[in-house]
Amino acid sequence: MIVRIAAAVLIALSVQPALAQRGLKDIPPPDPAAELAAMEIADGYEVNLFAADPLISKPLQMNFDPQGRLWVSSSSIYPQIRPGEVANDTVTILEDRDGDGRADASTVFADGLLMPTAILPDDLGGAYVANSTEFLHLADTNGDGRADSRKVVLSGFGTEDTHHIIHTFRRGPDARLYFSQSIYIHSHVETPQGVRRLNGGGIWRFQPESLALDVFARGWVNTWGHVFDAWGRSLATDGAGGEGIYYAFPGAAFQAAVGTPRVLHGMNPSSPKYCGLEIIGGRHLPDDAQGLLVTNDFRANRVCRFRLTEAGSGFTSEKLPDLIHSKRVTFRPIDVKMGPDGAIYIADWYNPIIQHGEVDFRDERRDRTHGRIWRVTAKGRPLVPRIDCKQLSAAELLGQLESPEAHARDMARRELFARGGEQMRPEVDRWLAALDPKAANFERLRLDGLRLKQGFDRGSATEVDLPLLQAVLASPESRARAAAARIVCDWADRLEAPAELLAPLVDDPAPQVRLEAVRALATLGGTRAAELALHAVDHDRDDSLDYAVWLAARELREAWLPAVIDGTFVDGGKFGRVIFAVRSAEAGAAVPRIVARLREGGLSATDRAAALDCIATLGSPQDLRLVFDIVVDPATPPAEASTLLGHLLGAQQRRRAVPAGDLIAVEKLLASSDDACATRAIEAVAAWKIAAAGDELAAIATQATRSPAVCGAAIAALGALPGNASREVLLQLAKAGSGSVQTQAAALAALVPQSRELAARQAVAWLATASDTAAIDGVYRAFLTAKDGAATLAAAIDAAEASFPAALAKSGLQAISAAGRQEPALAKALETVVARSVGSAAPQPASGPRHAMTNADLDAFVEFVRTKADRGRGEAIYKRESLKCVSCHRIGDDGARVGPNLAAIGAASPLDYIIDSLVYPAKNVKEGFNTLVVLTDDGQVVTGIQVSRSDEELVLRDAIGKEVKIPTADIDEESAGTSLMPAGLIDGLSREELADLVRYLSELGR
Amino acid sequence: MMHLSRFSPPAVVGLSIAVAMIPWAAVPAAPPAPPPAWVLRDGDRVVFLGDTFIEREGDRGFIETALLAAHPEAALTFRNLGWSGDTVWAESRGVFDPAAKGYERMLGLVRELEPTIIFVAYGRNESFKGDAGLAAFRGQLGKLCDDLRTAAHANAPQDVRLVFVTPHRFESLDADARNAALAPYSQTIREVAAEKQAGLVDLFARLPEITAGAAVTENGVHLSNVGYAQAARVFVEAGGRPLPTESTDPSAALRKLVVAKNTLFFHRWRPANETYIFLFRKHEQGNNAVEMPQFDALVKEAEQKVQNSAKELR
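Residue numbers (the numbering used here), protein chains in the order written: chain A, 205 to 1210; chain B, 13 to 326.
Worth double-checking, as some hints may not be accurate.
Sample of chain B residues facing chain A (criterion: CB under 10 angstroms; computed from the structure) [unchecked claim]:
no.	residue
1	Gly-106
2	Ala-264
3	Ala-265
4	Phe-292
5	His-295
By construction, these hints were calculated from the structure, which means they are not laboratory data.
Just so you know, these numbers come straight off a predicted model, no measurement behind them.
Beta carbons are placed, not taken as given, at the ideal position from N, Cα and C, and that holds for glycine.
Start from the sequences and build out the full structure, keeping to the hints where you can.
In structure tokens form, the structure reads like this:
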């Protein structure tokens, strides 16, 4: 996918490691008392230090065990092992034996580890540890509290980025181990069931006993937080995704998932990035804290709270005021867990420097020795009594499942799992039999009982409790039914007709139950499962539920498609199910069946629209003709004609499919008074190359009665039409003084595909007189997006010599930069013009950034920003239209989405990094904002940030925030680009103004 | 791609070698005859290529150690290019690219390493496709064989010795079915070995014989330390030396040095943070690529310790 440079020694650009984070001069002293004093803590709470260096250092993940001990994995090697360095990272166990809220014992359980990004006790004295490429099991066989056995459980996890390696271990209520990997990781893991592969991010689900390993959900940049609620529903955070809290279910895919054309979204758009996730509650915490989610915005030194509300098939999420906010740059909360005493525990990685992309691996300011665990308690409220689950009887453990503390319930469940089904199953049966069906929590407890049996299961036929499963599937509580649907899958190999168990659930009144049933049916597979899953099409679907059915239709394609084609598919008289399935799975082979059904008539308006959409999207040229005839039928309303034309154009664009027969009839729609319809008709004329419509397009191009958008579309369409006639029209339109500058610019742009040389000569002459910034930009962009366009323009500029104005050359250089590419020929030609204007013979390197600084300059400037700059003035500068900041970046909810959200830039980035990024935009590009440059078969050059990619299609977001879809088959070449942020944007600012702008940015998120 | 310095065995002093000429040139191509015997020679640069079985051998070192111990008169160096989950198509090696690119990179590594003998251990992961995947496997294994020889020695590919390794058996819950699927893959490997004049280490057939069916895996799929020690005996025997006596860790000190060397080499050829060091974000941290060649000297030093220790076994 990425063009790689073969030589390891090739070091890109002028990397100046010393530059990064120069603003980080005032690293506070690592005194925990001072760090505590600098915390702003929410009313009603207080914080104390549970543990700090030297007891622990650089904590990466922490998890309690059922005895109440806290296991912490730590790495001083991160981000990169040095040549010759021996991997010696550790796992430490912390204990608070006297219960005073401070760790009083610390044992190094294991060392010799390589970046152990995750730790989870096995509850038998050992632990599972993430160890770069490996998922390890460490055991203490002699009971001395230290690991003496180390076994590789799974291997083959990628390490392409060491803060992406497997992380976030969590034991699920089903006894499975859940863990994540991040966006750059490619994993290939051998299991007894075959190789499991995952490219990109996702959450794995794993059963250590059978080594059964599957992908639970995919995507995200960094799923550094994952928690289950009381009903076993998964909530997650992304350490770089910026959409807050995510609701995940089996098969869900989110931003950056590899190989899927469709993704789901988080519930808090435009929010910062979060690490670690826990649901808080229990008797120690006040009423208004019950059930809140707590996570960490480590960049902005904050511990954050969210409130979830059930909605549709999932939730909505609302951000609440912070629990903790520190002004100290070293406070880096990265994990959060409820503790055995009812308090909230927060792991503080403690580091002035986060990330290793932007800051040098070997920067000496990276902290490698400190780390803290903070403990948050509610003022004046009693703690909950601590329990050592190892000391409890089975009956007592089961009793703990009724605890108001989720932590106690989790630990009791884990202890029961650790003791195993053989001994515990009879106890669970006794406990279940004694439950009071009238009790308020009966449905949850009964589900817990079922979950215990699911967790005990080692695969034998006798372990399936069908009556209990059926009872919970029929529970009056929808959340219990939803949870039970998933359990059907785990037992399916021993159930007689698992799909039938799910049959009532796909038509359940609760959307979440339908969602889980659909996903379970997709996992089961088979024609009957497909028939049932598609019942969900009959009901309302929010985004998650619609996605769930869409995915099921795709996954079960082989189960329903042959039946649909031969007419044996059982749709219960609901043809909408078939249309949905065909459209979702892009099953072109079934389109004739839809055409036939459409001709039979009698479809509802909704089904008819969906059928036409389906045919236009997937049909053969003959099928498309059917749609075309409806488009040009005078009885068809313009809005419908416009929609259908859009589908037909999509078919042309995405798969080169054109309706059969003569298409001249579309010309009639050019006269439509509906702008959208007329525009689509114009685009169709261009796409289908209907030369006979050229005269009418030429007329529309300058018609005063038409909207500018329609005129613009007509001009662009002329560019796509072959022949001298359209070229002559465009040449006339492009002449300076012949019409509006917008028309001239549009005509110039349209000439580019017709003839590069002609357009370039014409453009150079026009640019000499032009002054409209947007029009000039548009012309440059037309050349930059055509194959060889930039080089041809460069030659024309060279030929024009002195007549080319220097000011326009500068905007040309900006346009190159905004295209996210290097265009050396054009850049040189433009730089030569600039150089000539200042009396220099050759392009001078000084035509680089105006604010380029030496290290000494930068030191002085950082100081100037600190002492002299003004935040208020900086904000005004940020909002200046000429600077274009807001046209690409958001701060919170305001602004565009082309570049990274700057809401927490100040908290996350030191001054020198901010300055550097303004002066050299291409140098440090934020994760997920690297560009791709794609050359298509028809000579188009598209630059943008990848939104999604599947086998069929690549979607890029370009510099104006528009999504561009490119069929994979049309891609000629691909290469890595730089940044979409133009260089030289700040060249118009004085030193003082730049300082104000930097000051403003540096305070964002603080 | 990274540049690896070609590894050459340190001089072994006072050696007198009398190694028989390899007879395989005389073996007719068809009909498939039993694969030719293979031996290790003084100065051999050995590459191990394969899936998890090979990757974990790098961390365990049993086979490498046993071969060193069985050939005390020869200076041998080993480079382990195993990758979990890999197949003859290099499916685990694509990283951000398609597998085909990973295949090219793997051949590029072989080109740089210039091995004289390559052990190729595939077939387990491919066997999950069953008989339907057999023909494609056969074709690609043959192609891999040719490509490896050309990569290792473009001017005289016929001089590059290949040794195919059949997968050891599954011991998982559904082992019978899995081994039934694995058997034709092992047979294919034997046949392609014969066609391509390659040597053979037949773990599938021989390992159960020498262990009398005792368990060799730790999870049904991957060898335990005991399993590796047993597999190492099969390697030694296949290479023309007497079957070593049974022992769980016969040369523990040497094995430790072997593993230390392999760990250094792993950090060299599969470094963490590749995205920043070599790939599309190298404009940010590409300067740290200077550390990678620093591993070469360390690998060499570790290798000398291995050699010195191996010599003492004489």
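Quick rundown of the hints versus the structure:
About 7 angstroms separates the beta-carbon of B/Gly-106 from the nearest beta-carbon of chain A, less than 10 angstroms, and the hint is met. Violation of the interface hint for B/Ala-264 is found here, the shortest Cβ-Cβ separation to chain A being roughly 16 angstroms, above the 10 angstroms cut-off. At a threshold of 10 angstroms, the smallest CB-CB gap from B/Ala-265 to chain A is about 18 angstroms, leaving the interface hint violated. With 10 angstroms as the threshold, the beta carbon of B/Phe-292 comes within range of chain A, its nearest partner Cβ sitting at about 4 angstroms, so the hint holds.
Annotation: B/His-295 was flagged as interfacial toward chain A, and the flag holds, the nearest CB pair being 4 angstroms apart, inside 10 angstroms.
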